[in-house]
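**Q** Heads up: the sequence lines are chains A, B and C, in that order. For the record, in the first sequence the residue sitting at position 85 is 85 according to the working numbering, with numbers rising by one throughout. For the record, in the second sequence the residue sitting at position 295 is 295 according to the working numbering, with numbers rising by one throughout. For the record, in the third sequence the residue sitting at position 298 is 298 according to the working numbering, with numbers rising by one throughout.
Just to be clear, a hint being listed does not mean it is correct.
The list treats identical chains as interchangeable, and a pair is accepted whether it falls inside one copy or across any two copies.
[Stated by the list, open to error] Think about it this way: if two alpha-carbon atoms lie no more than 25 Å apart in a straight line, the pair counts; the simulated PhoX-like pairs of lysine-lysine are:
| hint | residue 1 | residue 2 |
| --- | --- | --- |
| 1 | Lys16 | Lys89 |
| 2 | Lys282 | Lys415 |
| 3 | Lys389 | Lys54 |
| 4 | Lys54 | Lys451 |
| 5 | Lys155 | Lys229 |
| 6 | Lys41 | Lys209 |
| 7 | Lys90 | Lys451 |
| 8 | Lys89 | Lys245 |
| 9 | Lys282 | Lys209 |
| 10 | Lys415 | Lys427 |
Hints are computed from structural coordinates only; laboratory data are not their basis.
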Amino acid sequence: MDNAIILAGGQGKRMKADMPKPLFRILGEPMLEWVIGACEKAGISDICVVKGYKAEMIDEYLDGRYETVLQAERLGTGHAVMQAVSFLKKNSGSDTLVLCGDAPFIDSQTINDALARHRADGNSVTVITAELEEPAGYGRIIRSANGISSIVEEKDATAEQKKIKEINSGAYWFRTDDLIDSLNSLTTDNAQGEYYLTDTIYILLGKGKKAGAFISQNPDVVLGVNDRKGLLRLNKTARENIIEKHLENGVEFTCTDGITIGRDVIIGEGTQILSGTVLSGKTVIGEGCVIGPDCIIENSTVGNDTKLNYVQCYDSKIENNVKIGPFVQIRPGSHIKSGAKIGDFVEIKNSVIGEETAVAHLTYVGDSDVGGCVNFGCGVVTVNYDGEKKSRCTIEDNAFIGCNTNLIAPVTVGKGAYTAAGSTITKDVPADALAIERGDTRTVEGYAARKLRNRKKK
Amino acid sequence: MDNAIILAGGQGKRMKADMPKPLFRILGEPMLEWVIGACEKAGISDICVVKGYKAEMIDEYLDGRYETVLQAERLGTGHAVMQAVSFLKKNSGSDTLVLCGDAPFIDSQTINDALARHRADGNSVTVITAELEEPAGYGRIIRSANGISSIVEEKDATAEQKKIKEINSGAYWFRTDDLIDSLNSLTTDNAQGEYYLTDTIYILLGKGKKAGAFISQNPDVVLGVNDRKGLLRLNKTARENIIEKHLENGVEFTCTDGITIGRDVIIGEGTQILSGTVLSGKTVIGEGCVIGPDCIIENSTVGNDTKLNYVQCYDSKIENNVKIGPFVQIRPGSHIKSGAKIGDFVEIKNSVIGEETAVAHLTYVGDSDVGGCVNFGCGVVTVNYDGEKKSRCTIEDNAFIGCNTNLIAPVTVGKGAYTAAGSTITKDVPADALAIERGDTRTVEGYAARKLRNRKKK
Amino acid sequence: MDNAIILAGGQGKRMKADMPKPLFRILGEPMLEWVIGACEKAGISDICVVKGYKAEMIDEYLDGRYETVLQAERLGTGHAVMQAVSFLKKNSGSDTLVLCGDAPFIDSQTINDALARHRADGNSVTVITAELEEPAGYGRIIRSANGISSIVEEKDATAEQKKIKEINSGAYWFRTDDLIDSLNSLTTDNAQGEYYLTDTIYILLGKGKKAGAFISQNPDVVLGVNDRKGLLRLNKTARENIIEKHLENGVEFTCTDGITIGRDVIIGEGTQILSGTVLSGKTVIGEGCVIGPDCIIENSTVGNDTKLNYVQCYDSKIENNVKIGPFVQIRPGSHIKSGAKIGDFVEIKNSVIGEETAVAHLTYVGDSDVGGCVNFGCGVVTVNYDGEKKSRCTIEDNAFIGCNTNLIAPVTVGKGAYTAAGSTITKDVPADALAIERGDTRTVEGYAARKLRNRKKK
C-alpha cells in the first residue's frame, strides 16, 4: 500500500519553546497535522512519523492514530528515514512518500500528481519541486536528459547554478524497495558527518535507476519555518490563501483584519464574514449569513440567513434565521432552532432553544430543554447545579418566564405557563398556570430623610 | 434640468450571488448608492436608473426614490442608455451625465468640474478620464487638436497607443439633445453585436460636433469591480481614503486595524478612534472623545469628551462627558445625558438616562425615563413587557434602585426614593420613601453536614 | 552629573489640536515620555524640559517630576537651549545631552554608546547620526579628517552632498561648559532670523575644539512627526518593533491585527498573544498563557498557563492556571488566585478571589474577600454600596452562593455555608449553615386563559 514517512524529529531551537518543531501551530493546528491532513486527503492512510526531540510530545499529540519510530540521535534526514525501515519493509512493493513535518503547505493534489508522474516515468525516486522567483537558499534541481542528475545546495552552487529557479521542496516519492535498498548504502562521509536522504538519489542513479522531479503548481509547498517570525509569516500565508478561496466561492469580506478561518471550514455563498472573526475546526456556515464582527465559532454548524454579532459558539448547532448578540456565549451541546432570538449578555449551555423563542438579555440557560415561542424575561437563571449534581429544566412551548426568575432544576414549566418576576420556582408549574413567589412589600415613608438625619448624627 | 442616467443592469456573475452588481456593498452601502450620493452632492436630483439583471431588486432598493427603466435584453451600454430616451426627452435642452452604477468612487467635484469644462468648451460630449501610471486594460483617450478623436480599447491599441496614460472612466457628460440624436444612429455593426455608448462620440464628431475629455484629479473614479476580490479591494480603498480624510481633520488613530468609517460620518478634532471600531450611517462624534476599541456606532450622535469602550450604539444620542463600557449595548431611541456612567453588561433600550446617573453593571433599562443622579444597583431589571404589552418605568432624580430590583412597569419611583435589594416593585414608590419586598430569612444550622450525610446514604 | 535637555516647545499645527507636539502619544504614551524614558534607562536622571507652546500642559503632564524652563518666544533650537543656561551652570564640568521631545525612538544604548564615543574622542560636541537609504530631507553630515566639519541642510546641499547617507538625528552630546560658552556666541544672523543649535558646532570648531558624530545602529532615532498621518506611521513602527522583540523572545503571534503592546510590557516564552489584544503600562505576563483575542490588560500581572478571552483587566493580579472569559472585566485592586475560573459577564472589583473558586456567569463581586473553592451561582451580587458608603463581603472557603443571591455588605458567609437561590442575605451566615430568604409560592391555575379572556374583553 502507498505510504508516507513524516520527519518530525526537529527541535526548532530558535522558536524558544521545549517542543518539537512540527507541533508549532498554523491557524491553531500543529504543522504536523497539516502534513498528515494532506496525506489523508490524498488517500494515504498508512503513515509512519519519525519522532526525535521531545518524542513523547509527538506520541501524546498523535495519541496512537499513527505509527511512530524514534530517531534517538540526530544524524540527518537519511538517518531519520532509516529508523522506519521495518515500516518500509511491511510496505514492500509499493511507493513511499517522504515529507517534512514542518513544511505544512504540502497538498493532496501535489502528492497525487507527483505520484502519477513518478509511476508514469518509471522513477525510483521523484523529487517534489517548485519554481521560485527568488530561489536563494534552497537546493537547486539539476535536470538531465532523462530526469534529474543532482540537487545542489546553495553553498555548493556555481554562479550559473544559482540562477536555476527549480528547487527541492524536501518531499519525495520513492519506490519503496529502492528506498530500503539505498538506505543501506548511505554513509556519513561528508562535512557534517550526517546521513543525507538526498544521497539516495546518487546511489539509485549509480545503480542505473531513474530519478525525476515533479514541479508543484503550489510554490508554498517549500515553505518551512525556523523561528517565531517565520511561523507568523506562514500563518499569514495560510490566512490569506484560505480567505482567497472563500472569496472565489462567493463569500463577502469587506475588511479581513483579525479574520482567521480554519482550513476545513465551509461557508455558503453570499455570507458576510466581518472583521475579528475566528472560525475553526469542523465549522459549517450556511448561505446569506452575517458572521461578525468578532465572532468565535468552533466546531459548530450555522444554518442560512443567521446573524451573529460578537458571539462565541462552541460545539453547537444554530439553525436558520437566528439572530444572536451582541456579547453572547453558546457553550457546547447547544442547539438553537430556527427563528430564535438571543440578545445581549446571554449564556446558553448544553440546551435546546426552540423555534422563535426569545432570550433577550442577561440570562443563563444551562442544561435545559426549551420549547418554541418561549419568552425569557431579563435576568432569568436556570439553577442547574445544587453543589452536588447537575439537573435539567424543561420549559414548554409558549411559556413566559418572568424577569429575574430562578428555575431550580429539575423543574418543568408547562405549556403556556407564566412565572412572575422575581420568583424562585422549585416545583413544576402546570400548563397555563402562573407561579408566583413573593414576599410582602412594605413602603417606609420618609426613609430618605431619616437616612440623611442618621448620617448627620454620625 | 441637468440630469443623470446610471447604468445598473449588470449581473456580476463572478460575484456568485443572485444580485445586480451595483447592489454589492462598499462599507455597507450598495455601490449604486455611492453613485447616487455623488450625483446628489453635485446637485443633480433628476436621476434615471437603468435596471436589467434582477431588476426587481433595484426597484426594491430604490423604493421609488428615483425613476427606473428596464433594459430587458443586454445589448451594450448604448442600448442601456436607449431605454432612457423618454427620460432624456423630458430633459431636452439640458446636459446629461451618464455613470456606471458599479464604479462607486465618482465624486461630486469631478462631476461639477467636468460639467464646467463641458460647457466652457462647447462640447457635445465630454468623457471623464483619469491618468493612471498603469493604464493597461482600460480604453485609452486619443487627444486631437480640438478635443478628443477616439477611445481605443486595450485589444485594439497599437504599442504606441498603449503608452497613453489617460484612460476612459466610463462616465460622460452629454448635451442631452445631442445624446438623443446620436442614440438613434447607433448600430450593432461590430464584433460583439452590441450598441456601444462610445460610438456616440464618433457619430457626434461626424456631425461636426465637439468631443472633449476632462481629467479627474481623483484616479479612483475609474475603479470598478468584477469579483469578490475586487470588491474587497475597493472596500480597502474606501476605508483608507476615509481614514486619511479624518487624519487630516485632526482625528487620532494609533492602529487602524478593523476600523471602518462610513462616508457620511463626522468626527471632531482630537477624538481618538481605536482599533476594531465601526462607525456608520449618519453618525456624528464630537471632539476629545475616545471611541473604541471595538465600538459599533450606527446613526447616532455622540457629544464631546465621551469615552466608549466595547460599546454598540444604534440610533441613539449620547451627550458630553459620558463614560460607557466595556460590553454595553445602547439600543434605538436612547438618550444618555451628560455625565452619565454606564458600566459593564448593561443594555439601555428606548430610554432616557439623566445627567450624572450611574448604571454600573448587569442591568437592563428598557422603555424608561430616568432622571438625574439616579444610582442603579447591579442586576436591576425594568420589567417592561408582561407578555402582552410594553409599558414604561419612570425613575425620578436622585432615586436609588437596590441590586436585583425588578421594577414592574408601569411604575414610578419618586424623587430620592430607595428600593431595597432583591425587591420586586409593582406599585409606585413615593418620593423619599423606601420600598422593600422581602420574605423571611431562615438559617438552617448544620445544613452542609446534613447534605453530606444524605449524599453518603445514597 | 550627566544631564539632558529635552526640547518640548513645539506646537505641531498640522496635528490640529491645542497641545504641545511632544505630548502626542505613541502607543498611548506621550512622545516626551518615550524620550524621558530613554534618558532614565540610560541612567540620566537630571533632566530639564524646555517648554513653549501651551507650556502649562507640559507642566501638568510632568507634575513636578523634572525641572522645566519656558521658551516664551520661538526663536530656534539654539534659543530653546539658551533658556536652560542656569540648569547647565549647575551641571558645570559634566556632559549634556540635547534631545528633541518629538523624536520618540531615541534609545538608551544609543545615548550611552554616543557618550562613550564623545568622551573617548575628546569631543566638545558629538552629533548622534544615522545612515539612511533615503536621506532626502534631512541634514547631511560632512565628515572631516578629525571628526565632522559641518551639517548641510537639504536645501543648501550640493548634488554630491545629497548623496551622503549619514544624517543628523537632532540629538547631541555636548561638553556642558563648551555648550554654555558657545550659546553666548550664537546669533540670529541668518535667513530665518533664528538661533540655530547647529551653529554651536562651528563656534566650537572655530575655537579649535573637536566635533564628532556617532552613528546609531537604530535608524528610527531620526523619526519625528509633523501631522496625524506621521503619528499613525510612528505608532505602526513602534507596534511592529515591539512585536518583533517579543517574537525573538519566543512569544507566539498568529495574527497581529489590532495588537498593541506597550514598550515596558514583559511576556514569557510560549505565551500566545491573539489578535485585538492591547497590553499596556507595567504589565507582566507569564509563560504558556493564551491572552486574547481582544484582551485589554493594563498595569497588571498575570501568572503562567493562564487563559484570558475577551477580558479587560486593570491594575490587578491574576495568578497561574486561571481561566477567564469571555466578556469579563477585572477592575483595579483585584487578585485572582491560582486555579480560579471566571466565566462570562462577570465583573470583579477590588476583591480577592481564592484558589479554585468558580464565578461562572453574570455575577458582580465587588469589595469582597472570597476564599478558596467557593462556588458562585449565576446572577450573584455583592451589594457593596448602600447609597452612602461602601462595605466589604467576606465569603469563606468552600461556601456555595446560590443563584441571584444578594449579599448585603458588610456580611460574612462562613466556611462551607450555603445560600439559597434568590435570597437576600443581610446577616452573617454561620459555617456550614444554609441561609434562605423566600416568600410563599402560589400557583394560579388557568392564569393564561384568564389573561387571554381579559385581553379579549378589552
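**Q** All the hints need checking, so say for each whether the structure fits it.
**A** Hints versus structure:
1. Taking the closest pair of Cα atoms, Lys16 and Lys89 never come within 25 Å of each other, the shortest separation being 37 Å inside a single copy and 50 Å across copies.
2. Taking the closest pair of Cα atoms, Lys282 and Lys415 never come within 25 Å of each other, the shortest separation being 36 Å inside a single copy and 45 Å across copies.
3. Proximity of Lys389 and Lys54 under a CA criterion of 25 Å is satisfied in neither setting, with 40 Å inside one chain copy and 58 Å between copies.
4. Within a single copy, Lys54 and Lys451 get their C-alpha atoms no closer than 69 Å, and across copies no closer than 48 Å, so neither meets the 25 Å cut-off.
5. Taking identical chains as interchangeable, the C-alpha atoms of Lys155 and Lys229 lie at most 25 Å apart only when both belong to the same chain, with a minimum of 24 Å there against 41 Å between chains.
6. Taking the shortest alpha-carbon separations for Lys41 and Lys209, neither the intra-copy value of 30 Å nor the inter-copy value of 66 Å comes in at or below 25 Å.
7. Within a single copy, Lys90 and Lys451 get their C-alpha atoms no closer than 88 Å, and across copies no closer than 61 Å, so neither meets the 25 Å cut-off.
8. For a Cα distance limit of 25 Å, the shortest separation of Lys89 from Lys245 qualifies neither inside one copy, at 40 Å, nor across copies, at 48 Å.
9. In the homo-oligomer, the alpha carbons of Lys282 and Lys209 never lie at most 25 Å apart, since the shortest distance is 44 Å inside one protomer and 65 Å across protomers.
10. Taking the shortest Cα distances, Lys415 and Lys427 sit within 25 Å of each other inside one copy (15 Å), while across copies they are farther apart (29 Å).
Taken one by one, the earlier hints fail for this structure at numbers 1, 2, 3, 4, 6, 7, 8 and 9, listed in ascending order.
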